[in-house]
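Undergrad: The listed protein sequences derive, respectively, from chains A and B.
The working numbering applies: residue 1 is where the first sequence begins, and numbers increase by one.
The working numbering applies: residue 1001 is where the second sequence begins, and numbers increase by one.
What the hints contain is simulated information worked out from the structure, not anything from laboratory work.
Glycine included, C-beta positions come from ideal geometry on N, C-alpha and C.
Check the hints yourself; a few may be wrong.
Said to hold, decoys possible - Facing chain A, a subset of chain B residues (Cβ under 10 Å, in silico):
| id | residue |
| --- | --- |
| 1 | N1055 |
| 2 | R1058 |
| 3 | H1066 |
| 4 | K1077 |
| 5 | K1082 |
| 6 | G1171 |
| 7 | V1173 |
| 8 | K1246 |
| 9 | H1256 |
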Amino acid sequence: MSVITWKIGGPAGFGIMSAGPMFAMALKRSGYSVHGYPEYPSIIRGGYNNYHVTFSDKPVFSVYNRCDILVALDKVVFDSETITKNMIVIADFDNIKGTEDLECKKVNIPFKKILKDNELPDIVKNSIALGVSAKILGIDEEILFKLFEENYPAKVLDMNISAAKIGMEFCLDEMKFKAPKGNSNFKDNLLMTGNEAIALGAVKAGLGFYSTYPMTPASSILHYLAKLEEKYGIIVKHTEDEISGIIMAIGASYAGVRAMTGTSGGGLSLMTEGVGLAAITETPLVIALSQRPGPATGMPTWTEQADLKFVLNISQDEFVKIVLTPGDLNELFYMTFEAFNLADRYQVPVFVLTDKFLSESHFCEAIFNDNGLKIDRGFIFEGNSEAPMEFFPRYKEVENGIPMKSNPGTPGGLYKAPGNEHDDFGFVATDSKTRIKNQERRFKKEEFIKKELPLPKLYGPKDAEITFVCWGSTKQPLMEALKHNDKFNFLHFSAINPIDWKQVKNMFKDKNLVAIETNFTGQLASVIAEKTGIVIKDKYLKYDGRPFFVEEIIEYVKRGN
Amino acid sequence: MKAMEFNSGKIPVWCPGCGNFAIWNAIKGALADLEISGKDVVNISGIGCSGKMLNHLRTYGFHTLHGRTLPVATGVKLSNHKLTVVVNGGDGDGYGMGVGHFIHAIRRNLDVTYLVHDNHIYGLTTGQASPTTDKGLKSKSTPHGVIDEPLNPLAVALNAGATFVARGYSGEVEHLKELIKAGINYKGFAYIDILQPCVTFGKTYSYEYYDERIYKLDESYDFTNFDNAMKKIWEKEKIALGIIYKKERDEYASLHPQLKDDILLNSTGKLRDISDELARFK
């Protein structure tokens, strides 16, 4: 099996984050399965940006540590990357000191001279590099130029195309890389980021209102939805802060509109009071949480899965919340879609957890089939025009602990939605009977939600020496590692709360379990211990802001735990 | 509906003599005069004695967290801009915790009527200084006297670009009712600061205190003049009641092309065709 990796690097401001995804798409359209992984510091200019593309004629899922072809647009790349003998390195070697003794396969492209001779600006350096890369990998230039057309404004299009063509001319036959031929298997696949899948899942579900404050790595949900707001008739608000972001969404949902907010851990800290408000008023709400290392501002542009216990315990007191932990594009899309149904049906906060790796990397999947997608708005009072000014028992159980909603403006549906404990009509009540009745009714929902949420799924050979236990994005590197090693399998949790832990416990039987998570303490392992009494002693944890690289997992399995 | 019919049937737990009774009556009277049905009204309340208004009106209602009335109001109003949204909060709620949201609601010119029950004290938490409490005043949280300058909320509003700034007084119910009516009729953010004695904890700002100082702006006052308004707001000895500043300005919902034809509520929660969007990712 042949997996090839291509990486482009340079200082922020060099167009790495436009060139990288464009080349990933060029490869996909050439018939490969593709994964694209961006790394960038939290600054606008300078620092080291890179975008790592993995591709193959078989499905690829995740990022490798190794690199076959490296495009170095500047000296900074050589300071940051380990250059090995087998690597093809594309760079302006004439102008980068200290590279003379490198033992890699050098493809010397005189970027500086090309720009000067052709009177081109520095910003097209990335297009020259894409031309070179396309030629080396045998990508049809028409595919590349079509992508330029889709991505560049008309006034700079020709300039970028001629830059790429000049780059192509510099490639000699001996520089070419023998890649497996692309096939048509991936023609209809989508290549998109996790955040785009979340946004589209929400749009598909009839999202009406999205409000939040921008925070990496959740911001691109806001950006993408803002672009779509007029097309689909959605209101998208960048609010004054995260508190307003979540409370506004609660206001919209109270008024009957499907509402969502999205943030990262620091923003969720501010939103915490709002989660409790949604819970006690039983206002449906979907919250997309894209995790990054913390606490406080932590490492804004890096990845970690360390907010699980925060979410499970969020806000004061106890209430039912749904925590979904999708692991790929399909799960992100369909689970976000379903998150709105669950929120409406059960009238509880629903979290869709992701992380920087899943949110901002590009994944390639054949997904988004309309078949079977259904909208469920739950119990909604249709009104009583005979007695339009009557108060309505909004918080009275209809079934399974669930009461009936009434949208403001509905005749005969009047009620109060208070952050205080309340009676059936929403009037503040603090007597013990009412409190007990409400807590028991609200928690009754849990039994029914449990039946709806997916149990962990086993991937890989049925029996194996090691069974990794993971959640969320870690599914991706494990899927990729499975292609190289059959000594392990893994259980992936795409939902964590509330699920049927008795059944989960059965799934653990006779297995050599290893918790694999990108956090310091093994949060899922800790939840498993609490819920099942099973203590997973072996933990493979990573907390350096990077996802698991495929080689690391293979190495771990080889070593034995 | 008659004013009486806006009673929810719940008996208020405000202290006898509390200014909230007058504000309650003024709201009911305003809704009745304007012939708005209670089912089309959402009353959004904050935390504090003002927040209890929610329980006493026969309307829809949302009792939010401390300081968070205006974000709820924004979500509600944009979701269904045909609803009449009346927001009740206190000086602690709106000028303390909620002061950021206050300024941003003004920037947006959201079409709601925002009533701030300004008693210069925290009543429900039994008498701490609020952002509008005068310097030097002793309270439970400032036993040595307040050393912060008081906030002039009307000046804040005016400087933030508010285009309907008014002051009412709970000792003048009819006048207050007319202000609330004007606020509801105003297409945009109608902000009314309501002077309200707290008979239990706010001994300084009593009915006598206000009765000696208030006066009503008459027809000769030009409320479209910004500089005049600023002067009125900073008057030291006397306190002007009425519409202090008013100007037409585009109301927030009208600036959303998505809301031109219908309310948001009618398009939400329906399966959408996203195929052309998906095609971009192929």
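Undergrad: It remains to establish, for every hint, whether it holds in the given structure.
TA: Here is how each hint holds up against the structure:
A hinted interface residue such as N1055(B) counts as satisfied when its beta carbon comes closer than 10 Å to some beta carbon of chain A; here the least separation is about 6 Å, so the hint holds. For R1058(B), the interface hint holds, the least distance from its beta-carbon to any beta-carbon of chain A being 6 Å, beneath 10 Å. The beta carbon of H1066(B) comes within 9 Å of a beta carbon in chain A, closer than 10 Å, and the hint placing it at the interface holds. The closest approach between the C-beta of K1077(B) and any C-beta of chain A is roughly 8 Å, which is under the 10 Å cut-off, so the hint is satisfied.
Among the interface hints, the one on K1082(B) holds; its C-beta lies about 7 Å from the nearest C-beta in chain A, closer than the 10 Å criterion. Taking 10 Å as the C-beta contact cut-off toward chain A, the hint placing G1171(B) at the interface is violated, the least distance being around 28 Å. For V1173(B), the suggested interface contact is broken, since its CB lies about 23 Å from the closest CB of chain A, more than 10 Å. Of the supplied interface hints, the one on K1246(B) is violated, with its beta-carbon coming no nearer than about 25 Å to a beta-carbon of chain A, more than 10 Å.
Annotation: H1256(B) was flagged as interfacial toward chain A, and the flag holds, the nearest CB pair being 7 Å apart, inside 10 Å.
In the structure shown, a violation is registered for the earlier hints numbered 6, 7, 8, in ascending order.
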